[in-house]
Amino acid sequence: MKKLSLLIAVAAMILFAGCGSKRSQAYYDQPSQVLSAENNGIYVIRVQVRAKDAVVAFTEAQRKVVKEIIFDGIKAANNGVSDLKPLCFDMNAREKHEDYWNAFFSDNGPWKQFTSYKDRRAITTRYQRDGRQMVETGTVTVDRAGIQQRLRMDGIIPMEGRY
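Here the numbering used here is used: the first residue of the sequence shown is 2, the next is one more, and so on.
There may be inaccurate statements among the hints.
Derived lysine-lysine pairs resembling DSS-like cross-links, with alpha carbons at most 25 Å apart [claimed, not checked]: (1) Lys97 with Lys113; (2) Lys86 with Lys76; (3) Lys86 with Lys113; (4) Lys65 with Lys86; (5) Lys113 with Lys68; (6) Lys76 with Lys65; (7) Lys65 with Lys97; (8) Lys86 with Lys97; (9) Lys53 with Lys113; (10) Lys68 with Lys53; (11) Lys113 with Lys65; (12) Lys53 with Lys65; (13) Lys68 with Lys86; (14) Lys76 with Lys113; (15) Lys68 with Lys97.
Cβ-Cβ distance ranges computed for the label pairs, FRET-style [what the hints assert, rightly or not]: (16) Asn109 with Ser83: 24 to 34 Å; (17) Lys97 with Lys76: 19 to 29 Å; (18) Met160 with Ser83: 18 to 28 Å; (19) Val11 with Asn80: 52 to 62 Å; (20) Tyr118 with Asn40: 16 to 26 Å; (21) Ala12 with Val56: 43 to 53 Å; (22) Glu61 with Ser37: 18 to 28 Å; (23) Gly147 with Ser107: 16 to 26 Å.
Keep in mind the hints are simulated off the structure, nothing from the lab.
The C-beta atom is built at its ideal place from N, Cα and C for all residues, glycine as well.
Modelling step: build the complete structure from the supplied sequences, incorporating the hints.
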């Protein structure tokens with residue numbers, strides 16, 4: 002009888018061990034938002050990234066915004082600014098021009114000349130208990146018109162009027 006009770010107790014412990022609550026970090030992720038726009042094609046965008054420290058977060062925030070402008074588009078905040086549609090509508094552009102994108106988004110690639118960090122007072126929150134990763138929210142200024150012109154000159158997106 003003791004063996005049966007012990008076996009049931011062990012089975013119950015194994016069964017309930019996997020039922021603990023796991024907090025998802027995805028809950029904390031916020032989509033990027035367009036905060037303001039200027040007539041010359043420069044946009045101010047609020048972005049959130051995960052990184053191990055603030056220096057890496059600043060770089061990754063800028064890179065993330067440029068990728069979103071090119072491939073995904075960015076929703077506007079509720080401030081009267083319109084959403085940004087993606088510059089590259091070709092669904093297979095990432096695969097077709099993989100070498101170009103690898104060079105473009107490399108650490109010292111051309112993407113850096115189109116961005117700057119507007120607000121360095123980023124809101125920093127650590128969500129992991131071990132402290133290896135944090136979520137940074139900051140404001141990035143992006144020259145969307147410059148990116149568009151560069152992609153047209155490089156032949157990645159069609160010139161105006163050619164589709």
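Looking back at the hints listed earlier, which ones does the structure fail to meet? Structure breaks no hint.
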